[in-house]
Amino acid sequence: MADNTHSKPVHQREFEKKQHREEMKQQVLTFALMILFTLIAFGMVIMEINSYFVIPTLIILAVVQVAFQLYYFMHMKNKGHDMVAMMMYGGAAVAGLTIITFVSIVWW
Numbered sequence: 001m002a003d004n005t006h007s008k009p010v011h012q013r014e015f016e017k018k019q020h021r022e023e024m025k026q027q028v029l030t031f032a033l034m035i036l037f038t039l040i041a042f043g044m045v046i047m048e049i050n051s052y053f054v055i056p057t058l059i060i061l062a063v064v065q066v067a068f069q070l071y072y073f074m075h076m077k078n079k080g081h082d083m084v085a086m087m088m089y090g091g092a093a094v095a096g097l098t099i100i101t102f103v104s105i106v107w108w
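Start counting the sequence shown at 1; every next residue gets the next number (UniProt numbering).
The hints are simulated quantities; they were obtained by calculation from the structure and are not laboratory data.
Watch out, some of these pointers could steer you wrong.
Pairs of lysine-lysine, DSSO-like flavour, derived with a Cα cap of 30 Å [what the hints assert, rightly or not]: (1) 25 x 8; (2) 8 x 79; (3) 79 x 18; (4) 79 x 25; (5) 8 x 18; (6) 79 x 17.
I would like the entire structure built from these sequences, with the hints used as guidance.
Encoded structure:
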């Protein structure tokens, strides 16, 4: 027979099971929201809404979808991803500042 001295206690297994169930719910909800955002963006383009409204809205929806991807599907919310998160957010900040700088130079 197998020795069960190294198995996890029942309460810990139940806790992990509940935690995995909650995480799966969050991922399914996030996936549904991303599909909804995609359909909204597609609908706005198909309906030929004014570009002064569509472009900022599409950018906002895209940023929200990227945040969902990083936070839920790339598991950035979990412990142990602090350095990776810092590097990614730092890179995004540098990219944003670069874009702002070049847009300012071109338009002024």
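Evaluated hints:
1. 25 x 8: holds (24 Å)
2. 8 x 79: Holds: residue 8 and residue 79 sit about 21 Å apart, inside 30 Å.
3. 79 x 18: OK: residue 79 and residue 18 at ~18 Å, within 30 Å.
4. 79 x 25: Cα-Cα ~19 Å, so holds.
5. 8 x 18: Given pair residue 8, residue 18 holds - Cα atoms ~15 Å apart, limit 30 Å.
6. 79 x 17: holds (18 Å)
The structure agrees with every numbered hint stated previously.
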